[in-house]
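K.L.:
Here are the chains, one letter per residue:
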Amino acid sequence: MNFSIYGCKKFVVGSFDDEAVLFPAVKKVRAAGYKLHDVYTPFPVHGLDHAMGLRETSLHTAGFVYGLTGTTTALSVMGWVFTTDWPMNIGGKPHFPLPAFIPITFELTVLFAAVGMVLTFCYLCQLAPFVKNTFSTRVRQTICLSWRSK
Amino acid sequence: MHLKYESTLREPLVDGVKDYHQVTEDIISPIEAKPGKLWYIGFFISLVLLGFGAFSVFWEVYFGTGVWNLNKTIGWGYDITNFVWWVGIGHAGTLISAILLLFRQGWRTGVNRAAEAMTIFAVMCAGQFPIFHMGRVWMGFFILPYPNTRGPVWVNFNSPLLWDVFAISTYFTVSLLFWYSGLIPDFATVRDRAKTKLRKLLYGVASFGWTGSTKHWQRHEALSLVLAGLSTPLVLSVHTIVSFDFATSVIPGWHTTIFPPYFVAGAIFSGFAMVNTLLIITRKILGLEDYITIGHIEAMNKVIVLTGSVVGVAYLTELFMAWYGANPYEFDTFYKYRAAGPLGWSYWIMMSCNVISPQVFWFSKMRRNIMVTFVMSIIVNIGMWFERFVIICTSLYRDYLPSSWGYYRPSWPEVGFYVGTFGLFFTCFFLFAKYFPVIAVAEIKSVLKTTGKSYKEKMGKYEAQDVDAFAHDQAHH
Amino acid sequence: MLQDGIIEPAATALGGATFAADAAAAAGKISTKQGGKLELLYQKVAIGSGKEANNPWLQEMPDPITRATWDNYACISNTLAKTFHEELGDDYEINADRKVLTIKANGKEVKLPLLIVPGIHPETIAIAVGYGRGDAKLIGKAAGNIGKNAYPFVSFNGQTFDYFAADATATATGDKYPVGLTQTHNSYEGRPIVKETTLAEFVANPKEVNADRAKLHHYGEDFAHDATMYKDVHMVPGNGVKWGMSIDLNTCFGCGACTIACQAENNVSVVGKEQVIKAHEMHWLRIDRYFAGDVDNPEVVFQPMLCQHCDNAPCENVCPVAATNHSSEGINQMAYNRCIGTRYCANNCPYKVRRFNWRDWNGADSFEHNLYDVADMNDSLTRMVLNPDVVVRARGTMEKCSFCVQRLQDAKLTAKKQVVRLKMVKRKQLVNRLVLLTLSSSVT
Ligand code: SF4
Ligand code: SF4
Numbered sequence: 001m002n003f004s005i006y007g008c009k010k011f012v013v014g015s016f017d018d019e020a021v022l023f024p025a026v027k028k029v030r031a032a033g034y035k036l037h038d039v040y041t042p043f044p045v046h047g048l049d050h051a052m053g054l055r056e057t058s059l060h061t062a063g064f065v066y067g068l069t070g071t072t073t074a075l076s077v078m079g080w081v082f083t084t085d086w087p088m089n090i091g092g093k094p095h096f097p098l099p100a101f102i103p104i105t106f107e108l109t110v111l112f113a114a115v116g117m118v119l120t121f122c123y124l125c126q127l128a129p130f131v132k133n134t135f136s137t138r139v140r141q142t143i144c145l146s147w148r149s150k
Numbered sequence: 001m002h003l004k005y006e007s008t009l010r011e012p013l014v015d016g017v018k019d020y021h022q023v024t025e026d027i028i029s030p031i032e033a034k035p036g037k038l039w040y041i042g043f044f045i046s047l048v049l050l051g052f053g054a055f056s057v058f059w060e061v062y063f064g065t066g067v068w069n070l071n072k073t074i075g076w077g078y079d080i081t082n083f084v085w086w087v088g089i090g091h092a093g094t095l096i097s098a099i100l101l102l103f104r105q106g107w108r109t110g111v112n113r114a115a116e117a118m119t120i121f122a123v124m125c126a127g128q129f130p131i132f133h134m135g136r137v138w139m140g141f142f143i144l145p146y147p148n149t150r151g152p153v154w155v156n157f158n159s160p161l162l163w164d165v166f167a168i169s170t171y172f173t174v175s176l177l178f179w180y181s182g183l184i185p186d187f188a189t190v191r192d193r194a195k196t197k198l199r200k201l202l203y204g205v206a207s208f209g210w211t212g213s214t215k216h217w218q219r220h221e222a223l224s225l226v227l228a229g230l231s232t233p234l235v236l237s238v239h240t241i242v243s244f245d246f247a248t249s250v251i252p253g254w255h256t257t258i259f260p261p262y263f264v265a266g267a268i269f270s271g272f273a274m275v276n277t278l279l280i281i282t283r284k285i286l287g288l289e290d291y292i293t294i295g296h297i298e299a300m301n302k303v304i305v306l307t308g309s310v311v312g313v314a315y316l317t318e319l320f321m322a323w324y325g326a327n328p329y330e331f332d333t334f335y336k337y338r339a340a341g342p343l344g345w346s347y348w349i350m351m352s353c354n355v356i357s358p359q360v361f362w363f364s365k366m367r368r369n370i371m372v373t374f375v376m377s378i379i380v381n382i383g384m385w386f387e388r389f390v391i392i393c394t395s396l397y398r399d400y401l402p403s404s405w406g407y408y409r410p411s412w413p414e415v416g417f418y419v420g421t422f423g424l425f426f427t428c429f430f431l432f433a434k435y436f437p438v439i440a441v442a443e444i445k446s447v448l449k450t451t452g453k454s455y456k457e458k459m460g461k462y463e464a465q466d467v468d469a470f471a472h473d474q475a476h477h
Numbered sequence: 001m002l003q004d005g006i007i008e009p010a011a012t013a014l015g016g017a018t019f020a021a022d023a024a025a026a027a028g029k030i031s032t033k034q035g036g037k038l039e040l041l042y043q044k045v046a047i048g049s050g051k052e053a054n055n056p057w058l059q060e061m062p063d064p065i066t067r068a069t070w071d072n073y074a075c076i077s078n079t080l081a082k083t084f085h086e087e088l089g090d091d092y093e094i095n096a097d098r099k100v101l102t103i104k105a106n107g108k109e110v111k112l113p114l115l116i117v118p119g120i121h122p123e124t125i126a127i128a129v130g131y132g133r134g135d136a137k138l139i140g141k142a143a144g145n146i147g148k149n150a151y152p153f154v155s156f157n158g159q160t161f162d163y164f165a166a167d168a169t170a171t172a173t174g175d176k177y178p179v180g181l182t183q184t185h186n187s188y189e190g191r192p193i194v195k196e197t198t199l200a201e202f203v204a205n206p207k208e209v210n211a212d213r214a215k216l217h218h219y220g221e222d223f224a225h226d227a228t229m230y231k232d233v234h235m236v237p238g239n240g241v242k243w244g245m246s247i248d249l250n251t252c253f254g255c256g257a258c259t260i261a262c263q264a265e266n267n268v269s270v271v272g273k274e275q276v277i278k279a280h281e282m283h284w285l286r287i288d289r290y291f292a293g294d295v296d297n298p299e300v301v302f303q304p305m306l307c308q309h310c311d312n313a314p315c316e317n318v319c320p321v322a323a324t325n326h327s328s329e330g331i332n333q334m335a336y337n338r339c340i341g342t343r344y345c346a347n348n349c350p351y352k353v354r355r356f357n358w359r360d361w362n363g364a365d366s367f368e369h370n371l372y373d374v375a376d377m378n379d380s381l382t383r384m385v386l387n388p389d390v391v392v393r394a395r396g397t398m399e400k401c402s403f404c405v406q407r408l409q410d411a412k413l414t415a416k417k418q419v420v421r422l423k424m425v426k427r428k429q430l431v432n433r434l435v436l437l438t439l440s441s442s443v444t
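Protein chains in written order, with my numbering: chain A, 1 to 150; chain B, 1 to 477; chain C, 1 to 444.
This is chain A alone, in the form it adopts within the complex:
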């Protein structure tokens, strides 16, 4: 298929049945100097991102930062509540009983990291309920090279 949208740009769409055919095609298209817009696959094809020359995602780093936020939030809120805002004598424990704070600190670290990463992922990939994106609309909009299962 060969059709153009946005006037000047030309897109070529190809459809492949198997990754064994796709990989050489990706290599050749790139070698021939064409810009590869994207490859759509129904399952993760390992190594395709490298073959296409995509850079590594930094979602991990974001996750780490979110996690740290969780840790600090937990410790500082619990510490503030028990030592400053409303100190109480509970079972004669110290006002900052660190061992007792560890479970919640850990849980919040995980929670913040997980929720933060998923939201970032959805934002980056523009995923949300009611986002319309079927194969045909994708092709009509921007697609250049694709491969789908039947």
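No lab work stands behind these hints: they were computed from the structure.
Errors might be hidden in some of the hints.
Below, simulated DSS-like cross-link-like pairs (lysine-lysine); rule was C-alpha separation at most 30 Å, straight line [to be verified]:
no., chain 1, residue 1, chain 2, residue 2
1, B, Lys-284, B, Lys-37
2, B, Lys-336, C, Lys-195
3, B, Lys-336, C, Lys-215
4, C, Lys-82, C, Lys-51
5, B, Lys-365, A, Lys-27
6, B, Lys-336, C, Lys-82
7, C, Lys-176, B, Lys-336
8, A, Lys-35, B, Lys-215
9, C, Lys-111, C, Lys-215
10, C, Lys-148, C, Lys-108
11, B, Lys-336, C, Lys-141
12, B, Lys-215, A, Lys-28
The following residues of chain C were derived to be distant from chain B, with all beta-carbon distances above 12 Å [to be verified]:
no., residue
13, Asn-78
14, Thr-160
15, Pro-192
16, Glu-265
17, Arg-354
18, Asp-360
19, Val-390
Treat the numbers as computed from the prediction; the structure is a model and nothing was measured.
Glycine is no exception: its CB is placed at the ideal position from the N, C-alpha and C atoms.
Here the structure of chain A is known, so what remains is to put chains B and C with the ligands in place on it, guided by the hints.
P.N.:
For chains B and C with the ligands alone, kept in the frame of chain A given last:
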């Protein structure tokens, strides 16, 4: 770089002759077909149970916790027993998806989706108990630390029950995110195949507009890996924290440092048993024997015999420490009132179901026998229920002051509540089996060529190849 | 020998009628009578001749020896119980249903459940009078339809009334009837819960009672201070008042008056027999009764048990909403309206003194038509017994002994007013004063 080859010595994970299209057909078409008669019957029974459970809970909330047979001595009985039991069951899913993903256990792909669903439903069931065991559920929001004008009044961050609130809700949230992020691409597959308008719309909404772009896949993989990394300590922490409910208290039989590992092992044990129960039924009803193979079931049985033995060692250690620790109260609890005494029968049910019977799985014949596995999976779950009952009730009913010793038998609303959570669980599971891809289509496809039976048979040329040449080929794929 | 606790109140309280014999003399009579049992009638401490039967507090007050509420029954010995195939043990403890006996004497008969009371004479059956007063409509909700009337057994010997019958027989009916006991286990199992010794032994070797504390020495000089992880961060000496209560176990003879006093002061609810059977009774202050020594001739010890206001209270650590915590005066306090009713604190209380509002006993709940009121304690007249200084607790909340915090506060305020007037009371004196004032205010 993903290895395109796996030793033929390893059992195939997908049986039969399949190509990508056939995989999609096999897994997605049950969603598109009308459900069978069995499904309707099962779903109806689940709804009835759920209704009865709701009525039992209403009865308790309206007339007070006194309609339960808990008392001044035994403040927790069926409620917290069931809570811990369900939470334990809810461990297998995340364990399979997270820990086995980190350990690169390929066999998880066939079962992880259903196991994760089971986790989520089990945690939903578990959550009902701490909520409705409260004397004043309508004041339950007090448990959340929110800024308020009452003083300000905060929660008690020292309380293991509060840790539980955080642990269970975090676990539920993260499991849900993990599960759903895996479902998105598969929903997109259903959407792309959809013939009816309604299906297109609904699965369109559910798939969040997933395209399958390589960049998205790359992020998706990164997300899955990090979520798996986070879930691994999380899943271990959840039952650890649940065990803190007991371990940090002062009651003999509860106050033991062995609880965290012992609880985690028990959770995996019961969780895998429950996965077996469900998968044996699911593969039969949906005809997915090629994807959930005997190999899968055997792998889980191996985990069952391992964790069952760990639990057995924990039981013996407890007994040893009760004697060696020279604490007379603990000694009495274990030797006089747990292994004997009016509730002693529960201890021996626990022992025989959890420690003795799983030993049959040392034999490969037994591990690969569907009927044996099914019966064992149910026995294990009965045993694990009694483990929690034993820990909670046989510690409480005869503790420090003999003047307060008591006894406990559940009343009908307590049993009804428990039965109701089965209703909730199976209602959810039936809906899941009908409307969700019960096997991760995308993941199966990505391992199909290495582990599919028909592909493995063609591996002869690699087997014959020289190692260096093979490595070279792979590197320049 | 009959236990003193049973006989004595009867002997002293039965005003006009002279109680013809002490148990030994009565037992002497039996030996001459083959086969017959001695049937003794007695008055319960709480109900008396029956004139207190309509008081729900007293109906629910556990009998000092049997710990039974809301009923009369036939007290028999271990030995006699064996003839009915009943004995103390796990089965007896965990089931409230008791075998019903037909007791015949003087040509009268009554059917009553048996209760085993260790130490009672093997040939004696003891029955409390004052029960079986008839229909609730006639006699009142608390006393109505409770127990059986034992007065028909009383005979007139020409000069006085005999509150015993020497030719009684007892036969099993095959029926069962539930009796609400607040304590089912009788032995303290050799645990150092109560320490007993005789005066002579104590005088000879006063250190022996606490000899077991030697075991604690490896924790340090002073167990209370050296064995804790938390170095007294909250209990700085000289930092105001610190409340405590001492109970003289030598003097306590288990009458239970304090249980009722506490119930009246603190608006403690009455729950009724059904709920006592379910172990839902609410007493903040209970009397634990243990039998020790020989099964057939045991010693009896009483131990009033209430919240100990532990310094490092295990109940406080586990409450998720901090509804129970420590006051600066050393009191373990409950914020009832903060409590969400997880019962975790009750599980973790080693003394098991926390009491949960299992039902709506007193109309303090916001749900309609779920009041659980066995004895008309909630109409506008009877509610006037409620102490306005103490809140009533809603269903689903935990409660327990507060050390009568309302009285402590009152005493402190009174003291404060006086201190202001005198303008010169040193702290130490102030503390002494407070103690005195508390005492006097509790007397007033
Ligand atoms: S402490 Fe209580 S039971 Fe003991 S004698 Fe005093 S009032 Fe009676
Ligand atoms: S309720 Fe129990 S644990 Fe809490 S302070 Fe009182 S006696 Fe101690």
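K.L.:
Now, for every hint given, state plainly whether the structure supports it.
P.N.:
Hints versus structure:
1. B:Lys-284 to B:Lys-37: Measuring from Cα to Cα gives roughly 14 Å; hence the hint holds.
2. B:Lys-336 to C:Lys-195: Given pair B:Lys-336, C:Lys-195 holds - Cα atoms ~23 Å apart, limit 30 Å.
3. B:Lys-336 to C:Lys-215: Holds, because 24 Å separates the two Cα atoms, which is no more than 30 Å.
4. C:Lys-82 to C:Lys-51: Violated - the C-alpha atoms of C:Lys-51 and C:Lys-82 are around 35 Å apart, more than 30 Å.
5. B:Lys-365 to A:Lys-27: With a Cα-Cα distance of about 49 Å, the restraint between B:Lys-365 and A:Lys-27 is violated, given a limit of 30 Å.
6. B:Lys-336 to C:Lys-82: Roughly 24 Å separates the two Cα atoms, so the pair holds.
7. C:Lys-176 to B:Lys-336: holds, 29 Å
8. A:Lys-35 to B:Lys-215: holds, 15 Å
9. C:Lys-111 to C:Lys-215: Not OK: C:Lys-111 and C:Lys-215 at ~53 Å, beyond 30 Å, violated.
10. C:Lys-148 to C:Lys-108: Given that 30 Å is the threshold and the Cα spacing comes to 13 Å, the pair holds.
11. B:Lys-336 to C:Lys-141: Judged against 30 Å, a Cα distance of about 43 Å means the pair is violated.
12. B:Lys-215 to A:Lys-28: holds, 20 Å
13. Asn-78: holds, 18 Å
14. Thr-160: holds, 39 Å
15. Pro-192: Not fine: 9 Å to the nearest Cβ puts C:Pro-192 too close to chain B.
16. Glu-265: Its Cβ never comes within 12 Å of chain B, the nearest being 20 Å, so this holds.
17. Arg-354: violated, 8 Å
18. Asp-360: violated, 6 Å
19. Val-390: holds, 20 Å
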